[in-house]
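Q: This is what each chain is made of:
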Amino acid sequence: MKILIATSSAPFIRGDAEVLAGNLVEALSEAGHEAELAVIPFKGYPPGRIPAQILACRLLDLTETCGTRIDRVVGLKFPAYLIPHPNKVIWLLHQHRAAYELWDHPAGDLMHYPDGPVVREAIRQADRELIPEAKAVYAQSQSVSGRLLRYCGIASEPLYHPPANALLFHKSSPGDYLFFPGPINSADRQRLAMQAIAQCRERVRIRFAGEPGSLTEQAEYFNAVRKRKLSDRIEWLGRVSEDQKRDLYANCLGVIFPPVDEDYGYVTLEAMLSSKPVITCSDSVSLLEFVLDRQTGLVAHPTPESLAQAMDMLWADRRWGAAMGEAGRARYRDLRISWANVAEKLLC
Amino acid sequence: MLKINWFSALPPARSGIARYAMQVLPVLAKSHEVVLWTDQDHVAPEVHKIAHVAHYEPGTPPWREINNGTISIYHLGNHPEIHASIWQISIQQPGIVVLHDLCLHDLFFTFSVRHRNDRAAYLNAMERWYGQEGRQSAEAFCAGGVSAESMPQDFPLTREATRNALGAITHCGGALAELNETPACPTAALDLPYAATEEPRYRVWLAARDGVPHPPYRLVVFGYLNRNRRMGAVLEALAGIGEREQFRLDICGQLWDESHIRAEIERLGLNSIVSLHGFLSDDQVEQKLSTAHLSINLRYPSMGEASLSQLQFWDYGLPTLVTRTGWYASLPEDATAFVRPESEVADIQAHLRAFLADPGAFRAMGERGRRSLKNHDPERYVDAMTRFAAEALGLSPRVSALALARKIGSDLTEWLPAASSSYLLERASKEIYTIFAGRRRG
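Each protein sequence line maps, in turn, to chains A and B.
Counting in the working numbering, the first sequence runs from 1 upward without gaps.
Counting in the working numbering, the second sequence runs from 1001 upward without gaps.
It is possible that some hints are incorrect.
What the hints assert, rightly or not - Chain A is nowhere near these chain B residues, computed Cβ spacing over 10 angstroms in every case:
no., residue
1, Pro-1061
2, Ala-1140
3, Trp-1256
4, Gly-1269
5, Ala-1403
6, Glu-1414
7, Ala-1428
Unchecked claim - Straight-line alpha carbon distances no greater than 25 angstroms define the calculated SDA-like cross-link-like pairs of lysine to any residue that follow:
no., chain 1, residue 1, chain 2, residue 2
8, A, Lys-43, B, Glu-1414
9, A, Lys-43, B, Ala-1428
10, A, Lys-43, A, Met-1
11, B, Lys-1003, A, Glu-101
12, B, Lys-1407, A, Ser-9
13, B, Lys-1003, A, Asp-104
14, B, Lys-1407, A, Pro-84
15, A, Lys-229, A, Glu-101
16, B, Lys-1288, B, Asp-1250
17, A, Lys-2, A, Glu-101
18, A, Lys-135, A, Asp-312
19, A, Lys-345, A, Glu-36
20, B, Lys-1430, A, Asp-109
21, A, Lys-43, B, Ser-1410
22, A, Lys-43, B, Asp-1411
23, B, Lys-1049, B, Gln-1023
24, B, Lys-1407, B, Gln-1023
25, B, Lys-1407, A, Arg-49
26, A, Lys-345, A, Ala-17
27, B, Lys-1407, B, Lys-1003
28, A, Lys-135, B, Ala-1437
29, B, Lys-1430, A, Pro-132
30, A, Lys-43, A, His-170
Hints are computed from structural coordinates only; laboratory data are not their basis.
Heads up, the beta-carbon is just placed ideally off N, CA and C, and yes, glycines get one too.
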């Protein structure tokens, strides 16, 4: 089959979604198909431009190339998933979140514009109207699927995919630290973890990986560590290589990752592949699809006290932690998280 | 329940819209969450008791806070000091526009040319809605070659006020169509709201009126007395009848040219009959209206506005002379005495003589007017307004669709010959319709 992966991206920006799109092309090729990316450049501001970008996508013709039929289009990101095709499947990475759950969230931008409400409604209208054109609608996670149903009344099936280089993750004996992978930003809540460690009864240690967004932010973290006299219990590793990251997973006691409303979160899957339990928070929505409280990790309330308690528990009972890590590895296997499964679903 | 951003003049602003707001807001705030946005320096304490009052700077509106609301309701009239800032917000954030005047030419001309020294903005608006003829007339008007009275009638510029609206509300059915100013958004004509005073208090007013020795009978003119309030004709009519000594005329309110009116009173020998009172407090208004026998509420030309003062006259059971034009022409025949614009003086005189011949008939007219206030119940008004707003909200993607259609039309004309653009225009318009109109193709 000739398959086009239709996605959109801000030029010169490469994030998880771009990596995923590349991996999907690879997976489809491995499955014996001709697959290629069709990337629509996207600029989400000012909001008044967004309807024009929806229209631009709608005016594209992806049915043929040089007289040969394109058999399938797989739509990933807004507004590329709105490109029409008679044999289209959507695998929704996420909708334009500022028009939905991020509308009145600090991370949302639409709300700051005078025409924000009107553009929000236009985006929602387009999604409601045009997503059902697809032959099948999948979502990258339960939370994305839930939002699509809640806001647009459209049902979809969660379809999980593995993190990059999944086969290279491995396990080792539990070391004397909790691992908090990067990047460092407010949504991932490293600050909450720092507040929590100050309240731990055990001598818990955390190793943070990843770079902060700015030097100011970095200075703030360093100052906070000094102020709380936590220098011997917190270590900032900065940027680490992929090999180092896998070793840090393999050798840790457990992984701590309490982001706000994360859509998928490779960290959890990487921890599961490394047979490590995950401490997360009850508002880290999509992680709760994978982290089962007291089975594959610990789910705390998003407060320093509750998170500290979870860290103490894991620190104090290492055999229990190791057992939860093994259970996480088994759960990963049970969920059939593989690119082969993704390819099979998207092409059926 | 809606979360409503309300933009209007508020007391103590000397504006009929501020008085209107005080009729509507207590009812609206009972069942909806209302934020009263204002750029006034001062808002009367009684307004703060109704809903939260929030201040905005017209140049830097707090969009995030405004966007917390479900819908914005903008009240527009012709007074640039009050309405220009509200209009500026309304064209940036689509909402419901309530048109308190239907000819808004003066607002846009004064704001653009006089206040901002931006003649181009005015000329562009005129061209946008009236083509080359509009631009040429606007240029002539700026150069002083066209009368200020004819411009609003010939070029009302009302669509400029509603060009980005989700919906428009007027208080005069069919008036926008008559002006050929129907906007692209849904419209509704609602009866201007007025809460009638309770019967016991009305009886007190009637007793006060009967207690005034008469003749002379007291005539009252009230409100913002612009050029179109026909004060010249009223004075001329009064001066021209032999029975003039049987009347006293109280002119209450701000006159557009007080010295001219004073000179006219002097010239017509009406000093002993006519009194000027200026702007009155609420208590003074009550005293004047409860002791008056006949009110005069003329407009010509009309800017299409409805008159809260008219409803207030009826609240006091006052018979009223009105011009047979605009909203006034739609008033009940048995509750008002009409004056034809083409024979103003003669008609006023005929009504004054009829009044003297049968004051009881006029009193009955005023009572019928008071009974008609049931059509202006604020509860009914608020219900209709919020239902209309909720329906208009559902159509908000239309705003994006229209903006997109305009942009494509304008872009294509720049680079694609008309003969080659039909396929693209057809495709684009079909897609825009499919995406934003909420109707899938069959």
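Q: Against the earlier hints, flag every one the structure doesn't satisfy and list their numbers going up.
A: Going through the list in order, the structure violates hints 1, 5, 7, 10, 15, 17, 18, 20, 24, 27, 30 and respects the others.
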